[in-house]
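Start from the sequences, fold in the hints, and give me the full structure.
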Amino acid sequence: MSPIAGYLFIFFARVADVSLATIRTIMIVKGHRLQAAVIGFFEVIIYITALTQVVGKLNNPLNLLSYALGFATGNFVGSFIEEKLALGYTTVQVITQRSQLCEKIRNCGFGVTTLNGMGKEGIREVLMISTARKDLPNLISLIEEEDDSAFITVLDTKSAKGGYFKQNK
Numbered sequence: 001m002s003p004i005a006g007y008l009f010i011f012f013a014r015v016a017d018v019s020l021a022t023i024r025t026i027m028i029v030k031g032h033r034l035q036a037a038v039i040g041f042f043e044v045i046i047y048i049t050a051l052t053q054v055v056g057k058l059n060n061p062l063n064l065l066s067y068a069l070g071f072a073t074g075n076f077v078g079s080f081i082e083e084k085l086a087l088g089y090t091t092v093q094v095i096t097q098r099s100q101l102c103e104k105i106r107n108c109g110f111g112v113t114t115l116n117g118m119g120k121e122g123i124r125e126v127l128m129i130s131t132a133r134k135d136l137p138n139l140i141s142l143i144e145e146e147d148d149s150a151f152i153t154v155l156d157t158k159s160a161k162g163g164y165f166k167q168n169k
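All letters in the sequence shown, in the order written, are residues 1 to 169 by my numbering.
Treat the hints with care, as some may be off.
Calculated lysine-lysine pairs in the DSS-like style (CA-CA distance at most 30 Å, straight line) [stated by the list, open to error]:
| # | residue 1 | residue 2 |
| --- | --- | --- |
| 1 | Lys-57 | Lys-104 |
| 2 | Lys-104 | Lys-84 |
| 3 | Lys-161 | Lys-84 |
| 4 | Lys-158 | Lys-57 |
| 5 | Lys-120 | Lys-104 |
| 6 | Lys-30 | Lys-84 |
| 7 | Lys-120 | Lys-57 |
| 8 | Lys-84 | Lys-134 |
| 9 | Lys-57 | Lys-134 |
| 10 | Lys-120 | Lys-30 |
| 11 | Lys-161 | Lys-57 |
| 12 | Lys-120 | Lys-161 |
| 13 | Lys-104 | Lys-134 |
| 14 | Lys-84 | Lys-120 |
Label-pair ranges, simulated between beta-carbon atoms [claimed, not checked]:
| # | residue 1 | residue 2 | range |
| --- | --- | --- | --- |
| 15 | Thr-25 | Gly-163 | 24 to 34 Å |
| 16 | Leu-51 | Glu-103 | 52 to 62 Å |
| 17 | Met-128 | Thr-49 | 17 to 27 Å |
| 18 | Leu-142 | Ile-45 | 42 to 52 Å |
| 19 | Leu-62 | Met-128 | 26 to 36 Å |
| 20 | Gly-56 | Thr-157 | 23 to 33 Å |
Simulated from the structure, these hints should not be mistaken for lab results.
Predicted model only: the values in this text are computed from it and were never measured.
Virtual Cβ for every residue (Gly too), placed ideally from N, Cα, C.
Below, the structure written as structure tokens:
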């Protein structure tokens, strides 16, 4: 194998294994143990293969550089993939003065629970919306279109049971 092919192999192997490690970690956090185990199996095979290429030739600093660049790039790629997969659920809390916002969100198919709240400047409506993470950008856009002064927090939801979730049409 030519030296450049070796560097590229190390780089792309690290990108792959670190990306898989990121996805595996998310799967564990979300409670998907079986998927995490399968991903971990392939992750470690790729990791050991790449590591063998570097440890066997420690006198070549370009191997180490390729390994480190692959690691850094793998972190970026893994987080990008996880963001695009948008696995699981999220809870969005909205604090608003606009009482009509709740109905607009419901009319778009989202389930909303409302609470009354008291803020520094008076009574506010607190909206609690649990939704699939893949629907989050659309929900945030809808809220911002209707009330650009709304206070929005987004929380990761490990699990959910019962209630109403947006139906795919």
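Taking the hints in turn, this is what the structure says about them:
1. Lys-57 x Lys-104: Measuring from Cα to Cα gives roughly 62 Å; hence the hint is violated.
2. Lys-104 x Lys-84: 27 Å, holds
3. Lys-161 x Lys-84: Status holds; Cα separation ~24 Å.
4. Lys-158 x Lys-57: Distance ~44 Å between Lys-158 and Lys-57 Cα, so the pair is violated.
5. Lys-120 x Lys-104: 25 Å, holds
6. Lys-30 x Lys-84: Holds: Lys-30 and Lys-84 sit about 16 Å apart, inside 30 Å.
7. Lys-120 x Lys-57: The given pair, whose Cα atoms are some 64 Å apart, is violated under the 30 Å limit.
8. Lys-84 x Lys-134: Between Lys-84 and Lys-134 the Cα gap is close to 8 Å, so the pair holds against 30 Å.
9. Lys-57 x Lys-134: 44 Å, violated
10. Lys-120 x Lys-30: 36 Å, violated
11. Lys-161 x Lys-57: With a Cα-Cα distance of about 53 Å, the restraint between Lys-161 and Lys-57 is violated, given a limit of 30 Å.
12. Lys-120 x Lys-161: It is violated: about 34 Å lies between the C-alpha atoms, which goes past 30 Å.
13. Lys-104 x Lys-134: 19 Å, holds
14. Lys-84 x Lys-120: Judged against 30 Å, a Cα distance of about 38 Å means the pair is violated.
15. Thr-25 x Gly-163: 24 to 34 Å: 27 Å, holds
16. Leu-51 x Glu-103: 52 to 62 Å: Taking Cβ atoms as reference, Leu-51 and Glu-103 lie about 57 Å apart, which means the hint holds.
17. Met-128 x Thr-49: 17 to 27 Å: 47 Å, violated
18. Leu-142 x Ile-45: 42 to 52 Å: 44 Å, holds
19. Leu-62 x Met-128: 26 to 36 Å: 53 Å, violated
20. Gly-56 x Thr-157: 23 to 33 Å: Since the Cβ atoms of Gly-56 and Thr-157 sit about 45 Å apart, the hinted range of 23 to 33 Å is violated.
Of the numbered hints stated above, those contradicted by the structure are hints 1, 4, 7, 9, 10, 11, 12, 14, 17, 19, 20, listed in ascending order.
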